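**Student:** These are the residues of each chain, in order.
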Amino acid sequence: MEKASRPSQLFRNLSAKFAAIPMVLTALVIFVGCTVWSFVYSFTRSKLLPKPLFTTEDLFSIPMPTWLIKDGSFDVYYITGFVTKSFVGMAQYDRLWSNSRWLTSIENLALYAGFALVFSLVVGFILAAFMDQKIRFENTFRTIYLYPYAMSAIITGLVWQWILNPTFGIEKIVRGWGFENFEFAPLQNPDLVMFGILIAGVWQGTGFIMALMLAGLRGIDEDIWKASRIDGIPMWKTYIKVVIPMMRPVFVTTLVLITAGILKVYDLVVAQTNGGPGLSSQVPAMYVYSYLFTAQNLGQGLAASTMMLLGVLIILIPWTIIEFGGKEKR
Amino acid sequence: MTAIDVNIEAVEPRGTKPKKVLSNRNIMVYGVLIVAAIYYLIPLYVMIMTSVKGMPEIRMGNIFSPPVEITFEPWVKAWAHACTGLNCDGLSRGFWNSVMITVPSTIISILIASVNGYALANWKFKGANVFFTILIFGAFIPYQVLIYPIVLLLSQIGLYTKLAGLVIVHTVFGMPILTLLFRNYFISLPEELFKAARVDGAAFWGIFIKIMLPMSLPIFVVAIILQVTGIWNDFLFGVIYTKPANYPITVQLNNIVNSVQGVKEYNVNMAATMLTAIVPLVVYFVSGKLFVRGIAAGAVKG
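Residue numbers (the working numbering), protein chains in the order written: chain V, 6 to 335; chain P, 83 to 384.
None of these hints come from the bench; they were simulated from the model.
Predicted, not measured: the structure shown is a model, and the values here were computed from it.
Yeah, the Cβ is synthetic: ideal placement off N, Cα and C, and Gly gets one too.
Hints may contain errors.
Derived SDA-like pairs (lysine to any residue); straight-line CA-CA distance at most 20 angstroms [to be verified]:
| no. | chain 1 | residue 1 | chain 2 | residue 2 |
| --- | --- | --- | --- | --- |
| 1 | P | Lys159 | P | Gly209 |
| 2 | V | Lys177 | P | Lys346 |
| 3 | V | Lys22 | P | Lys346 |
| 4 | V | Lys22 | P | Lys159 |
| 5 | P | Lys346 | V | Glu176 |
| 6 | V | Lys242 | P | Asn106 |
| 7 | V | Lys242 | V | Arg223 |
| 8 | P | Lys277 | V | Asn18 |
| 9 | V | Lys139 | P | Val117 |
| 10 | V | Lys22 | P | Gly209 |
| 11 | V | Lys22 | P | Phe286 |
| 12 | P | Lys346 | V | Lys231 |
| 13 | P | Lys325 | V | Gln301 |
| 14 | P | Lys277 | V | Ala21 |
| 15 | V | Lys246 | V | Asn144 |
| 16 | V | Lys139 | V | Pro239 |
| 17 | P | Lys277 | V | Ser20 |
| 18 | P | Lys277 | P | Ile291 |
| 19 | P | Lys371 | V | Asn144 |
| 20 | V | Lys231 | V | Trp241 |
| 21 | V | Lys177 | P | Val128 |
| 22 | V | Lys242 | V | Leu222 |
| 23 | P | Lys371 | V | Lys177 |
| 24 | V | Lys231 | V | Pro250 |
| 25 | V | Lys246 | V | Asn279 |
| 26 | V | Lys139 | P | Val111 |
Simulated restraints, written as ranges between beta carbons of each label pair [what the hints assert, rightly or not]:
| no. | chain 1 | residue 1 | chain 2 | residue 2 | range |
| --- | --- | --- | --- | --- | --- |
| 27 | P | Val114 | V | Leu260 | 17 to 27 angstroms |
| 28 | V | Phe142 | P | Ile360 | 17 to 27 angstroms |
| 29 | P | Ile293 | V | Leu30 | 37 to 47 angstroms |
| 30 | V | Ser105 | P | Asp171 | 39 to 49 angstroms |
| 31 | P | Asn211 | V | Val127 | 33 to 43 angstroms |
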């Protein structure tokens, strides 16, 4: 039986609890509930069926309307259907990891992530270091480096698609200078396409990394610089031996943020290549999308999305432990 | 969440001014910065130049050359006549859709998150931290995990493919970062204010409206910048949770440019790209340093 003090506990601070309802709902229904749902359904052979079926298995199915995008040319069909489910254990994961399209996606992502991390950290840090030299027009430079970050990844993808266009863009210009055999068509070349996307991704993202690094550099005590100057240590050495180690937390946080962002890369690829030529620039997010919404093969799409979540957790958990030492967050 | 000190305000150069203007060191520093600046500016330059050229000139010349003859025809066409599939009413439809998505999403998400952050900062109840922690970790969950169950939820309440559904989605996904932003801000306000108001008998809403709101204008501006650019630039949610008639501008832009039918009109494509970019660019150039604060806080979104 409930104690007498219980209701008063519950009704204390009522307005705050009322104000927190959206947060509680979002946390429980969306972030916990939907994640669990996706996880559970990744062990099923769920399909979206175009018409109602009433077998015993489908008594627990969920009716829903959805629509189908036909191979990117955006003819739209409305379909009312039912999600069926029957558990198949790890079958979706077995299929996933033997699907060459998924393996290509993972390879592409690894390649992209590796290069994007190195490039954006190195370029971002170098730019920040130069920006930190008490320069004039600092605001102007920062404005220029950061504006791509304000724009949609779709815009970034489309602009770079245009600049890298072999018929009109860089290739044509260099040929015009007399290098008749010059070839530069990364987006049309399956072996180079991820680098074409990388150029655009780095263009959009490094300004932000620069801003984070600059904030980190500004947090470093001026006395460190004075001390190293008195000791006659060259500036580049001070950066490598003293400043960068001091900025370790900034680097770690930046690393986590970039990586978590890269895992989700989708818009940029859609706009720039739409996964092509062929399947050569597929990324995991695209795989999930096409299995969920085009192929209507839910179990497979959800298995892939669960692997993406796993990827995030692999980065996030060690970081949380390092950053917060296992203690409660502030 | 971000352990980084986001205070980028202190940009005033410190120490004595350098004496020589054209020292080797200066040449290198400015050389690197200017070369980098050119790399960052090229796409914007190419976009604008291409969008005011005629198609014959594009075929003849190169993408970097300035236009011989400036024409605004591509802009007009992109705005009013560009085709996506069977619709040929231009990007204007997507533009107004995006306005209709962005305005309510921004207002609602900020209202909810500000009250929420205030409750977390000043009226902590039992279990509040648990939900807050879930919320912050939720920001790292790949959207691909959540999109499908949300489709199901929205269709259950009859809002799937409706604008209202998309507004809910933006509110939900904006909540972690906005709540964090407001909570941290309200915590930084002096507690005496809050205590004095309580002694005077003010309650939850009274303190929020009369004391907290007037003091938190800057953080609201940061939140607005964050949400307007974020929601305007969204592609994934737009394509999933709306139907073609309601597609936001980013989705329509992609459909126009990457459409496989017809002759490619690169000048119209670039004009459409510029039209899509204008809103976030204006927000960016007007807001200046506040934008940096916003994205530094919004980095959790990834």
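**Student:** Against each hint, give a clear statement of whether it holds in the structure.
**Tutor:** Verification of the hints:
The straight-line distance between the Cα atoms of P:Lys159 and P:Gly209 is roughly 55 angstroms, outside the 20 angstroms bound, and the hint therefore fails. For a cut-off of 20 angstroms, the pair hint linking V:Lys177 to P:Lys346 stands: about 18 angstroms separates their Cα positions. Under the criterion of a C-alpha separation no larger than 20 angstroms, the hint pairing V:Lys22 with P:Lys346 is inconsistent with the structure, at around 56 angstroms. For the given pair, V:Lys22 sits about 52 angstroms from P:Lys159 by alpha-carbon distance, which is inconsistent with the 20 angstroms threshold.
As the CA atoms of P:Lys346 and V:Glu176 are separated by approximately 19 angstroms, the hinted pair is consistent with the 20 angstroms bound. Taking the CA atoms of V:Lys242 and P:Asn106, the gap is about 19 angstroms. The hint holds against a cut of 20 angstroms. Straight-line distance between C-alpha atoms of V:Lys242 and V:Arg223 comes to about 18 angstroms, which keeps the hinted pair within the 20 angstroms bound. In summary, the hint linking P:Lys277 to V:Asn18 is supported, as the alpha carbons are separated by about 15 angstroms, within the 20 angstroms threshold.
Among the hinted pairs, V:Lys139 with P:Val117 is consistent with the structure: their alpha-carbon atoms are about 18 angstroms apart, no more than 20 angstroms. About 10 angstroms separates the Cα atoms of V:Lys22 and P:Gly209, which keeps this hinted pair within 20 angstroms; it holds. Restraint check for V:Lys22 and P:Phe286: the C-alpha separation of about 11 angstroms stays at or below 20 angstroms, so the hint holds. For the given pair, P:Lys346 sits about 59 angstroms from V:Lys231 by alpha-carbon distance, which is inconsistent with the 20 angstroms threshold.
Proximity of P:Lys325 to V:Gln301 is assessed by CA-CA distance (about 17 angstroms); at most 20 angstroms being required, the pair is judged to hold. The suggested pairing of P:Lys277 with V:Ala21 holds, with an alpha-carbon distance near 16 angstroms, which does not exceed 20 angstroms. Note on V:Lys246 and V:Asn144: the hinted pairing is violated, with a Cα-Cα distance of about 29 angstroms set against a maximum of 20 angstroms. Distance check on the hinted pair: V:Lys139 and V:Pro239 sit about 17 angstroms apart at the alpha-carbon level, within 20 angstroms; holds.
Taken as a hint, the P:Lys277 and V:Ser20 pair is honoured in the structure, with Cα atoms around 17 angstroms apart against an allowance of 20 angstroms. With a C-alpha separation of about 15 angstroms, the suggested pairing of P:Lys277 with P:Ile291 holds against the 20 angstroms cut-off. With a CA separation close to 9 angstroms, the supplied pair P:Lys371 and V:Asn144 stays within the 20 angstroms bound. Of the pairs offered as hints, the one joining V:Lys231 and V:Trp241 holds, with about 14 angstroms between alpha carbons and a cut-off of 20 angstroms not exceeded.
Under the criterion of a C-alpha separation no larger than 20 angstroms, the hint pairing V:Lys177 with P:Val128 is consistent with the structure, at around 15 angstroms. In summary, the hint linking V:Lys242 to V:Leu222 is supported, as the alpha carbons are separated by about 15 angstroms, within the 20 angstroms threshold. Proximity of P:Lys371 to V:Lys177 is assessed by CA-CA distance (about 39 angstroms); at most 20 angstroms being required, the pair is judged violated. Using a Cα cut-off of 20 angstroms, the hinted pair V:Lys231 and V:Pro250 holds, with the two alpha carbons roughly 17 angstroms apart.
Between V:Lys246 and V:Asn279 the alpha-carbon distance is near 43 angstroms, which puts this suggested pair outside the 20 angstroms criterion. Using a Cα cut-off of 20 angstroms, the hinted pair V:Lys139 and P:Val111 holds, with the two alpha carbons roughly 10 angstroms apart. P:Val114 and V:Leu260 have their C-beta atoms about 24 angstroms apart, which keeps the hinted 17 to 27 angstroms range intact. Taking the beta carbon of each, V:Phe142 and P:Ile360 are about 25 angstroms apart, inside 17 to 27 angstroms as hinted.
The hinted window of 37 to 47 angstroms between P:Ile293 and V:Leu30 is violated, with their beta carbons roughly 27 angstroms apart. For the hinted restraint 39 to 49 angstroms between V:Ser105 and P:Asp171, the CB-CB distance of approximately 41 angstroms keeps it satisfied. As the Cβ distance of P:Asn211 to V:Val127 is approximately 38 angstroms, the hint placing it in 33 to 43 angstroms holds.
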